[in-house]
Structures are given as C-alpha cells and as structure tokens.
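Trainee: Going down the list, the protein sequences come from chains A and B.
Residue 22 is where the first sequence starts when you use our numbering, and the numbers rise one by one after that.
Residue 1117 is where the second sequence starts when you use our numbering, and the numbers rise one by one after that.
Treat the hints as calculated values from the structure; they're not laboratory data.
Honestly, I wouldn't trust all of these hints.
[Unchecked claim] Selected chain B positions facing chain A (in silico; Cβ < 7 angstroms): (1) R1141; (2) I1162; (3) V1165; (4) Q1169; (5) P1182; (6) M1183; (7) A1187; (8) N1210; (9) A1261; (10) Q1264; (11) M1467; (12) V1473.
[To be verified] Computed footprint of chain A on chain B; a stretch qualifies when at least three of its residues, placed anywhere within it, have a C-beta under 8 angstroms from a C-beta of chain A: (13) 1171 to 1179; (14) 1345 to 1358.
Cβ atoms here follow ideal geometry from the backbone N, Cα and C, with glycine treated the same way.
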Amino acid sequence: MHGISGQQFAIDCFVFALAVFVGFELITKVPAILHTPLMSATNAIHGIVLVGAITVAAVGHDAISNTIAVLAVFLGTLNVVGGFVVTDRMLEMFRAKPQPPKAKEPGKAA
Amino acid sequence: MTGNPPAWVIFTYIVTAMLFVVAIRRLRTVGGARSGNQLAMVGMGIAVVVILQQAGFDNWYLIFPPMVVGAVIGAVAARQVRMTAMPQMVAMFNGMGAGAAALIAADDFRRLDQLGGVPRLDGLTILLSCMIGAIGFAGSMVAFAKLQELISGRPLTYPLQKALNAAILATIIVLGVIIVAREGGIQLFIAFAALSFILGPLFVLPIGGADMPVVISLLNSFTGVAAAITGFVLDNQVLVVSGALVGASGTVLTQLMSKAMNRPLTNILFGAFGGGPSKAAGGPAEAGGEVRSATVEDVVALFELAREVVIVPGYGLAVARAQHDVKRLADQLEQRGIQVKYAIHPVAGRMPGHMNVLLAEADVPYEQLYDMDAINDEFSQTDVAVVIGANDVVNPAARNDPSSPIHGMPILNVDEAANVVVLKRSMNPGFAGIENQLFYNPKTVMLFGDAQKSVSELVTELKEAS
Chain A
22 MHGISGQQFA IDCFVFALAV FVGFELITKV PAILHTPLMS ATNAIHGIVL
72 VGAITVAAVG HDAISNTIAV LAVFLGTLNV VGGFVVTDRM LEMFRAKPQP
122 PKAKEPGKAA
Chain B
1117 MTGNPPAWVI FTYIVTAMLF VVAIRRLRTV GGARSGNQLA MVGMGIAVVV
1167 ILQQAGFDNW YLIFPPMVVG AVIGAVAARQ VRMTAMPQMV AMFNGMGAGA
1217 AALIAADDFR RLDQLGGVPR LDGLTILLSC MIGAIGFAGS MVAFAKLQEL
1267 ISGRPLTYPL QKALNAAILA TIIVLGVIIV AREGGIQLFI AFAALSFILG
1317 PLFVLPIGGA DMPVVISLLN SFTGVAAAIT GFVLDNQVLV VSGALVGASG
1367 TVLTQLMSKA MNRPLTNILF GAFGGGPSKA AGGPAEAGGE VRSATVEDVV
1417 ALFELAREVV IVPGYGLAVA RAQHDVKRLA DQLEQRGIQV KYAIHPVAGR
1467 MPGHMNVLLA EADVPYEQLY DMDAINDEFS QTDVAVVIGA NDVVNPAARN
1517 DPSSPIHGMP ILNVDEAANV VVLKRSMNPG FAGIENQLFY NPKTVMLFGD
1567 AQKSVSELVT ELKEAS
C-alpha cells in the first residue's frame, strides 16, 4: 500500500509505450467517414477509468475520500455508458441498407 | 487492492485490452464498425465485473448507487441527444472521464499523504494525471458550452493572454516540483489542482467555435493519457493500455484535422483564429462585385437543365436540421435522371465525419458521399453545385488570396462548376468571420433563408414541375 515500486513503474512504462504504437498503427488506417464514430468509441474506451474509480471506492475510509470516490464512480459510469450508447446510435445508421430505391429505378436509368 | 491483484485478474485484463484493439480495428470498415463498438462494450463489461468482484461488498454503497444513477443518466442523454448535438455530447462524456481521473489522483494523494508521505514516483504520476484530468474536465465543459452556444463561439481574447497562461502553467510546474520534492503537502496539492482546473478554460476560450472539432479531439486524447497515468498510479495495466490506445488515436485524429485545415496545430491552439472582426469588416469592399439573389423557381430551372448535381453540405445544414429534406431533394433529382453526389469536406460540420453521420441518419447511401480528393476534379463537369450552409470550406480565397487567414486550406473547388447555388441564411460571414468571394462570383446565385425551409420549397417546386 506504500506506493509503486521502480519495477512496477518500469513495467507500466513498457506496456504504455507498446500500446501507443499499437494505437497509432490501428488508427492511421481508419477512413474519414468513420472518424466521428471512432472518436466517440475511443471516448467510451477511456471510460476504463471507471475501473480505477471502483478500485478507489473499495478502499474509501473517511467522509472526504468516500465523497471523492462516489463522484469518480458516477463520472466514470457516465463516460462509459453514455459513450458506448452514443457510438452505437451513430453506427446503427451506417448499416449497409438494402438500397431501397423502390419503383424509381427505371427513372434513374433514363 | 492497489497492491497485488491475483494473476487471473490480470489475465482477464489482457482479454479486455485485446478486445479493445480488435474493436478499434473493426472501426476501420463501415460494415464491421458496429460490431467493433459492441466488442469494446464486452471488453469494458469484463473489466468492470472483475473489478466489482475484487472490490467486494464492504463499500457497496459507494459503488452501486453512483453506477446506477450514472448509467441511467448516460443512457438517457445518449439516446435523446439529436444527431446535430453529437459533438458537444462527446465533449461532455469526455469531460466526465477526465474528471474521474483527476478525482482518483486526488484521492490517492490524500491517502498516501495521510500515511506519512507521498513517495516521489507516486507523486509524479498522481500530479500528472490530476493536472491532465483537471484541464481535460474543465476544458471539455467549455467546449461543450461553446458548441451548445451557452457562451459565444467567438474566440475570447484579452491583453497578455498568452503571458498569463504561460505564467499559470509555470506556477503549476513549480508547485508540482515542490510537491514531489517534499513528498507531500495537501495545501500545495489543492493549489496545484485548482490552477490546473483554471488552465483548462483559459486554454479553450481563445479558440473559435470552428476549431472545436480539433479541440475535442485533442481533449479526447488528453483524457486517454490521464486514464493511462491513472493506471500508473494504481498499477493497473488495463488502464495503461486502454488509455494509451486512446491517447494515440486522439493525437492522430487531431493531426488529421489540422492537416485538413492546412494549419499547424500550434496556430489553431494559440492563433485565436477569426478573432478580429476588423479583418472581416475590410472584406466586402475587397471582394467587390454584386450578389445575385435567386428565387426557388430560378433554382429549379437550373436543375431542369442539369445532368450532374453536387451537393455540398456544411454545418448550416446540421443547424437547420435539413438532412432529411436534402435527401428528398436528391430523390427528386434522381427521378429526373440527374446524377447526385455529395461532396464532404474533411472539416465540414464540427467533427470529422460529422456530415457523414448526419446524412446517414437521413438514409443517404454512403456510396454517394465523396471526400474532397475524390470529388474536386469533378466540379469542372458539374452543372450545378448546391452549397447548403457551408462557407469557409468553399471560399476560393483559400486558394488565391495570400492575405486571407485561411489561405492554404484545401477547399472544395465549387467555383469550377457551371452554376453554383448557395443556400444561406444571410450575408453574414461564416464561423471564421471571413468574407467569401464565391458569393460575388457571376456564376453564383444566392437562395436566402432557412436551409430546411428553402430545400423543402425546392422539393415541392420540383414535384410540381414534373
């Protein structure tokens, strides 16, 4: 409980550096049309701080730290749930629709 | 808790991290994007269930009530928000995550301080995540307020602005160094957090509304970094990986956007672009020429002679909520055998891809959406280009007026079309506050009025004419 060790810190740096590379590689290849959903989806993914908020809440020990923890859990949940729902709503509209150009097709050929 | 989680917990975190990576990979393609987002949800669900199991039930009252309330509010807000208000919604949720990171840092600092001191490595990581989180939170709230038009979208500038911001940043850094060196000091920490919180708005306020997409993207990346550093503080690798992925993506998106505007990021962030109304005031005289105002009938006559029509949507279309009417207009034109395409500028709307989302909402097939590079060569063969609520992205000054503040920004070459119809509310200059020579071009006619109303009148008129 007395803070992080140098080794832990180094391992986290190692993980961080590799994840940054993966992030760059993954994201440079997304077409512009999907940039807004991508921003929104990654916005939901950083809601992972909720895991940290729950960790802190589990060891809450006095009124101030309890208040901070409740707020952090609340904000983190908003980020996760709101972020994913809003992204899903955007992507719902992107489904490849079976082109519904009904009886108008002949007109189009003209 | 923050000490040593069992190995199986860390293994489940690996599963979560892999799901996030696969999810983002799937977001590359239109077909796989939705399932990608759902995979990310599964990954998040696993991590949250595992941490709940680890947390146990001792402090359930600190965990479940805020989770339930947060989930309900988040889901309802996300369900109800109009598609046009999407950018500020993303800014809002982004701010929430950043705020959570700052609070976690504050709590951990207090805990360690009470235990007798904050070791230097902890101090460093706590201060970093607190600072970035507080800036991200307060900055996102201001971005939200600007886009929601609770405050003016115009850049807010005052004398010595940059000097003041630099002084605050310097104070934050000095305080940080002292806190780390002293291994504690709750008062100093509160001052550090408060100054970081103030710096967020000071950093966003001088940036104009038109540049908000870039700012939201940057703040998204900030929150990712804050989440990753929270992972350092709590020694939790799932936070480190996820935060780093988001930090990298936000940076790439930010760069893509500032590249599309052909302005270095530093210029966007510190240039207070479009600030000078004096600049705009000098515009009309230079632009010269006459503006031709058209009626709905005039525009329909143009359509009747056309073979290819390109629609150029801008933010004005979103504001007027005209996307469904635009789709009806396109249907009418197609019925007459006219080819309809949509030209999407990378920074049209207020977020990259914002226009695509709005048009998709109106069932416009995405095969008809062309990005700038794909459509620019086609304007010379286009009979009618219909500009709906776009301004700066079609301003030829970006190409041929070196004195213009937007000179060098790639634009849609609408002025190469045989005829240009501009739907616009009034002659007010756009977000950037720059006069547009396109409106004075002899090929251009202006159809003034609310975009939604004008487009639906065009549809009615076309129906009657056929």
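Trainee: Tell me the numbers of any earlier hints that the structure contravenes, in ascending order.
Mentor: Structure breaks hints 2, 3, 4, 9 and 10.
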